[in-house]
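> Below are the chains, spelled out letter by letter.
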Amino acid sequence: MNPADILIDIFLLLLMAAVAIAIVRSHLMFAVVMLSGIFSLLAAVLYVHLTAVDVAFTEAAVGAGVSTLLFLATLALTHVNVEEKHKPVRVVPLVIVVATGAMLTWGTLDMPHYGDPEAPANKHVAPRYIQESPKETGLPNMVTSVLASYRGYDTLGEVVVIFTAGVGVLVILGRGRRRWRPGVKDEDGDNLEEERA
Amino acid sequence: METVIGLFNYWIVIVLMMAGFYIVIAQENMIKKMVGLSIFQVAVFVFYISMSNVFGGTAPIAAEGFTRYSNPLPHVLILTAIVVGVATTALGLALIVRIKEEFGTIEDDQIRDMEEHGEESGA
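Chains as they are written, first to last, in this note's numbering: chain A, 1 to 197; chain B, 1 to 123.
Pulled out of the complex, with its shape left as it was, chain A reads as follows (with noise of 0.2 Å):
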């Protein structure tokens, strides 16, 4: 292992443990989006340096930009520019969270080691994916040839979850919607429920 390697990876989750706390304490909605758009940037650095090109490449495009255009959007229709009622800290939700933490800290502490070659997940179908899928669909990047051709079915039921997820955007805010409260009237005055009729 490589001191400098261990070194960039310690400075990045560093940076990313202060960003998510920065979150925390903010109340200013434009900075909590800003942040977390730092955050989703933050994680695409530290995938292209745990080498995976491919996640990180996603992660900018699609964690970044798309998400925290969403999260714009949102502030922009609902005009909310701070928390209301901000508390920093509240004692119960405090105390669940540092035990569930200290818990999971403790599941750690049996867990393969970063970077260990033997640990479990990186045997049974990996060493196949990597020594025969750019033989098997003369790809050479195996994430491609994995998600395209070996798990092609978990990548037919992500396209899917986004398209119900579009479905489900474009039923709640769509101009449909105003039809499914009748009596309800409208900006002019107008009873939607007649002026349909």
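The hints are simulated quantities; they were obtained by calculation from the structure and are not laboratory data. Hints may contain errors.
Claimed, not checked - On the chain A side, residues computed to face chain B include the following (Cβ under 10 Å):
1) Ile8
2) Glu59
3) Val125
4) Val171
To be verified - Here are some, though not all, of the chain A residues that point toward chain B, as calculated from beta-carbon distances under 7 Å:
5) Leu50
6) Val53
7) Ala60
8) Val62
9) Leu70
10) Leu72
11) Thr74
12) Val91
13) Pro93
14) Pro134
15) Glu136
16) Val143
To be verified - If you anchor each label on the Cβ, the simulated ranges turn out as follows:
17) A:Val48 / B:Ile5: 15 to 23 Å
18) A:Pro127 / B:Val4: 23 to 31 Å
19) B:Arg112 / A:Val125: 31 to 39 Å
20) A:Leu170 / B:Thr3: 44 to 52 Å
21) A:Val95 / B:Asp109: 13 to 21 Å
22) A:Leu69 / B:Gly65: 39 to 47 Å
23) B:Gly104 / A:Gly174: 16 to 24 Å
24) A:Pro127 / B:Asp113: 30 to 38 Å
25) B:Ile5 / A:Val95: 23 to 31 Å
26) B:Arg112 / A:Met34: 36 to 44 Å
We put the beta carbon where it would ideally sit given N, CA and C, even for glycine.
Given the coordinates of chain A, work out where chain B should sit on it, guided by the hints.
Structure of chain B alone, referenced to chain A:
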């Protein structure tokens, strides 16, 4: 010292996860709750990607002169999870916009008060 370096990634993941969890359970603003959820998600992603990393390994793209690669499977799973995460975020934010129109607020405690006292605001 070796244990600390070997487990440091997981510990920071837990810190991030708990920061997101705290926002979701302790803070009232719904947009902030969604930010908390996405922090929680990124924590899980970092956990998976940390486990897939192998010392001395390179990115899982076959090339001459490299024999040791990171595990590609967690990368694929997280690639899927990132996109699904954004889809759920979009749905949640759409619901928040609707809630704002209906209740006039997106603070969880105020909405709970309204429901308890049978008040109808907004609409």
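> Take the hints in turn and mark each one as holding or not.
Hints, one by one, checked against the model:
Here the hint on A:Ile8 is broken, as its CB sits about 12 Å from the closest CB of chain B, past 10 Å. Residue-level restraint check for A:Glu59 holds (minimum Cβ-Cβ distance to chain B is 6 Å; threshold 10 Å). With its C-beta approaching chain B no nearer than about 7 Å, A:Val125 sits inside the 10 Å limit, and its interface hint holds. The interface hint given for A:Val171 is met, as the beta carbon of that residue sits about 9 Å from the closest beta carbon of chain B, less than 10 Å.
For A:Leu50, the suggested interface contact is upheld, since its CB lies about 5 Å from the closest CB of chain B, less than 7 Å. This hint holds: A:Val53 has a C-beta 5 Å from the nearest C-beta of chain B, less than the 7 Å allowed. The restraint placing A:Ala60 at the interface with chain B is violated, with a minimum CB-CB distance near 10 Å, outside the 7 Å limit. Below 7 Å, beta-carbon pairs count as interface contacts, and A:Val62 has one with chain B at about 5 Å; its hint therefore holds.
Because the beta carbon of A:Leu70 sits about 5 Å from the nearest beta carbon in chain B, less than 7 Å, this interface hint is met. The restraint placing A:Leu72 at the interface with chain B is violated, with a minimum CB-CB distance near 10 Å, outside the 7 Å limit. Interface hint at A:Thr74: satisfied, since its Cβ lies 4 Å from the closest Cβ of chain B, which is below the 7 Å cut-off. Taking 7 Å as the C-beta contact cut-off toward chain B, the hint placing A:Val91 at the interface is violated, the least distance being around 10 Å.
Taking 7 Å as the C-beta contact cut-off toward chain B, the hint placing A:Pro93 at the interface holds, the least distance being around 4 Å. Among the interface hints, the one on A:Pro134 holds; its C-beta lies about 4 Å from the nearest C-beta in chain B, closer than the 7 Å criterion. The closest approach between the C-beta of A:Glu136 and any C-beta of chain B is roughly 12 Å, which is over the 7 Å cut-off, so the hint fails. Hint status for A:Val143 relative to chain B: holds, with the closest Cβ pair at about 5 Å, below 7 Å.
For the hinted restraint 15 to 23 Å between A:Val48 and B:Ile5, the CB-CB distance of approximately 20 Å keeps it satisfied. The given range of 23 to 31 Å is respected by A:Pro127 and B:Val4, whose C-beta atoms sit roughly 29 Å from each other. One distance hint, 31 to 39 Å for the beta-carbon pair B:Arg112 and A:Val125, is violated here, with the actual separation near 47 Å. Between A:Leu170 and B:Thr3 the beta carbon distance is about 51 Å. The supplied range of 44 to 52 Å therefore holds.
Taking the beta carbon of each, A:Val95 and B:Asp109 are about 19 Å apart, inside 13 to 21 Å as hinted. Between A:Leu69 and B:Gly65 the Cβ separation comes to about 41 Å, which falls inside the hinted range of 39 to 47 Å. Checked against the given bound of 16 to 24 Å, the beta carbons of B:Gly104 and A:Gly174, roughly 21 Å apart, stay inside it. A C-beta distance of roughly 58 Å is found between A:Pro127 and B:Asp113, which places it outside the suggested range of 30 to 38 Å.
Between B:Ile5 and A:Val95 the beta carbon distance is about 30 Å. The supplied range of 23 to 31 Å therefore holds. Look at B:Arg112 against A:Met34: about 29 Å separates their beta carbons, and that is not inside 36 to 44 Å.
Against the hints set out earlier in the document, violations occur for numbers 1, 7, 10, 12, 15, 19, 24, 26.
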